[in-house]
Amino acid sequence: MRGVQPDATPRGSTSWMDEMGKALATDLDGSFPHLVEQVGRRIYWGLRRLCGDHQEAEDLTQETFIRAYRALSGYETERIESMTVEPWLWTIALNLGRNHLRDRSRRPLLVKLEESAWEDPDPTDGAAWDRRLSHLNGHQKTAVVLRHVLGLGIGEIAEATGRPEGTVKADVHRGLNKLRELIEEES
Amino acid sequence: MSIERALESLMGPLPDGVSEGIALGTGLAEGYDLYESPVGEVVVTFNPEGVSSVDLADEAFAERFAGRFGRRLLRAEPPRAWGRHIPEAIDAGTPGQLPVDLRSVTPFRASVLRTTATIPKGEVRAYSWVAAEVQRPRAVRAVGSAVATNPVPLIIPCHRVVRSDGSVGKYSLGGPHNKRLLLEEEGADPDWLDGLASRGIRVMGNRTTGIACHPTCRHARRSKPENLVDFPSLEAAGEAGYRPCSHCRPR
Chain A
0 MRGVQPDATP RGSTSWMDEM GKALATDLDG SFPHLVEQVG RRIYWGLRRL CGDHQEAEDL
60 TQETFIRAYR ALSGYETERI ESMTVEPWLW TIALNLGRNH LRDRSRRPLL VKLEESAWED
120 PDPTDGAAWD RRLSHLNGHQ KTAVVLRHVL GLGIGEIAEA TGRPEGTVKA DVHRGLNKLR
180 ELIEEES
Chain B
0 MSIERALESL MGPLPDGVSE GIALGTGLAE GYDLYESPVG EVVVTFNPEG VSSVDLADEA
60 FAERFAGRFG RRLLRAEPPR AWGRHIPEAI DAGTPGQLPV DLRSVTPFRA SVLRTTATIP
120 KGEVRAYSWV AAEVQRPRAV RAVGSAVATN PVPLIIPCHR VVRSDGSVGK YSLGGPHNKR
180 LLLEEEGADP DWLDGLASRG IRVMGNRTTG IACHPTCRHA RRSKPENLVD FPSLEAAGEA
240 GYRPCSHCRP R
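If you're matching them up, the sequences are chains A and B in order.
Residue numbering for the first sequence follows numbering that gives the first Met the number 0, beginning at 0 and increasing consecutively.
Residue numbering for the second sequence follows numbering that gives the first Met the number 0, beginning at 0 and increasing consecutively.
It is possible that part of the hints are untrue.
Calculated lysine to aspartate or glutamate pairs in the EDC-like style (CA-CA distance at most 16 Å, straight line) [what the hints assert, rightly or not]:
(1) A/177 to A/129
(2) A/111 to B/15
(3) A/111 to B/76
Distance windows between CB atoms, simulated [claimed, not checked]:
(4) A/179 to B/96: 42 to 52 Å
(5) B/35 to A/137: 26 to 36 Å
(6) B/3 to A/166: 41 to 51 Å
Facing chain B, from chain A, some residues (calculated, C-beta under 7 Å) [unchecked claim]:
(7) 44
(8) 48
(9) 54
(10) 55
(11) 57
(12) 66
(13) 106
(14) 126
(15) 128
(16) 131
(17) 135
(18) 153
(19) 157
(20) 176
Simulated from the structure, these hints should not be mistaken for laboratory data.
Every residue gets a Cβ at the ideal spot worked out from N, C-alpha and C, and that includes glycine.
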């Protein structure tokens, strides 16, 4: 169920996430691929909606997880166990996005064997929504995407962005209003 | 449809290659690519820290890699920051500017390999020489194991390390004939080396300079043959009044 429904648990704090923290604390190398499997899709699509570009979203997603892995390698067990993993990943992702990081030269690049056959897995009206989202200011866009595309809770978004919950709520509200106006203008 | 509902449907699947890119970037998987070398096509594996292994590109390669390193392998381009140095390092037979990741071996073995990397092209040194250079003169056997298990042959030129009697000896990358082939390519004739060993010649002195060298030292090779005197050991050369070359540091 989607986290946006009032009775649903925000996905960032569901039980598999709690277990993920424990798994990462006890066997980082063994469980990190599962973290990528579980949250990679969400980080990519959140970033994709925020930047509107596949290549940049892919690059930022990879760099987010690489930074996360390096950070986790140096953290104490208790710190990893007690962290809320997805908001923490979003803190890294949003920082990287702000800095428009281009640090690809220091890591190997996968050879894509069927590059010509690549099909963009974007849902049909993704590009139209990216255009509308691009009219929102940065805080509103981030709040709307994390809240309504990903279904994160207000508290988690506050944690990820470092902004107070009240401010995040206002950002979501204003962002949605702006989107409503844009859709009215279109029709 | 409400805006909230529309926004909920804006995620697709994770595009292909993203999780593999993360595995490569964290080093949880190693990248590999193929390169030409004097002993045929080789597989070079790498991670963000550097080149981690070199092996013959045959069918059993992936199996050997899994057995030794136990990590995933993905076909990849090496990091742009130093990828172009891989073919240069294979040609030169020394890492040069290429970072080499020796985390898979013990610190002792890594120090043996770093010393091995300083042996110039076309020259050879004995296991006993390497042992002395790493301040462990009695660990000749351990040096032999370190060289025999060199994860990055060709780039760290273990083919330039010979038996303590000076004969060419064994080689891990496809067998001893490859060692002879590599030495020949570099201008160090393996038959000549074996001949010196069988005649008990370990050191050569130059009459005009009074300096004693390894037979393959470039200073000895530059000398006129009639000026060179053969010795069975550095001690014998020293008794005859020769002092050791500071370039090849004979032992």
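Each hint, compared with the structure:
1. Under the criterion of a C-alpha separation no larger than 16 Å, the hint pairing residue 177 of chain A with residue 129 of chain A is consistent with the structure, at around 13 Å.
2. Only pairs whose Cα atoms come within 16 Å are accepted, and residue 111 of chain A paired with residue 15 of chain B is accepted, the gap being roughly 9 Å.
3. In summary, the hint linking residue 111 of chain A to residue 76 of chain B is supported, as the alpha carbons are separated by about 10 Å, within the 16 Å threshold.
4. For the pair residue 179 of chain A and residue 96 of chain B, the supplied restraint of 42 to 52 Å is violated, since their beta-carbon distance comes to about 57 Å.
5. At roughly 50 Å, the beta carbons of residue 35 of chain B and residue 137 of chain A sit outside the given window of 26 to 36 Å.
6. Range check, residue 3 of chain B to residue 166 of chain A: Cβ separation about 20 Å, and the 41 to 51 Å hint is violated.
7. Taking 7 Å as the C-beta contact cut-off toward chain B, the hint placing residue 44 of chain A at the interface holds, the least distance being around 4 Å.
8. For residue 48 of chain A, the interface hint holds, the least distance from its beta-carbon to any beta-carbon of chain B being 6 Å, beneath 7 Å.
9. For residue 54 of chain A, the interface hint is violated, since its Cβ never comes within 7 Å of a Cβ in chain B; the closest pair sits about 10 Å apart.
10. Violation of the interface hint for residue 55 of chain A is found here, the shortest Cβ-Cβ separation to chain B being roughly 13 Å, above the 7 Å cut-off.
11. For residue 57 of chain A, the shortest C-beta to C-beta distance to chain B is roughly 6 Å, which falls under 7 Å, so the interface hint holds.
12. Hint on residue 66 of chain A is violated. Least Cβ distance to chain B is approximately 9 Å, over the 7 Å limit.
13. With 7 Å as the threshold, the beta carbon of residue 106 of chain A comes within range of chain B, its nearest partner Cβ sitting at about 4 Å, so the hint holds.
14. Interface restraint check for residue 126 of chain A: the shortest CB-CB distance to chain B comes to about 10 Å, outside 7 Å, so the restraint is violated.
15. A cut of 7 Å between beta carbons decides the hint on residue 128 of chain A: the least distance to chain B is about 6 Å, and the hint holds.
16. Contact between residue 131 of chain A and chain B, as hinted, is not supported at the beta carbon level, the nearest pair being about 9 Å apart and thus beyond 7 Å.
17. For residue 135 of chain A, the interface hint is violated, the least distance from its beta-carbon to any beta-carbon of chain B being 12 Å, above 7 Å.
18. A hinted interface residue such as residue 153 of chain A counts as satisfied when its beta carbon comes closer than 7 Å to some beta carbon of chain B; here the least separation is about 14 Å, so the hint is violated.
19. Proximity of residue 157 of chain A to chain B is violated relative to the hint, the smallest CB-CB distance being about 19 Å (cut-off 7 Å).
20. Among the interface hints, the one on residue 176 of chain A is violated; its C-beta lies about 10 Å from the nearest C-beta in chain B, farther than the 7 Å criterion.
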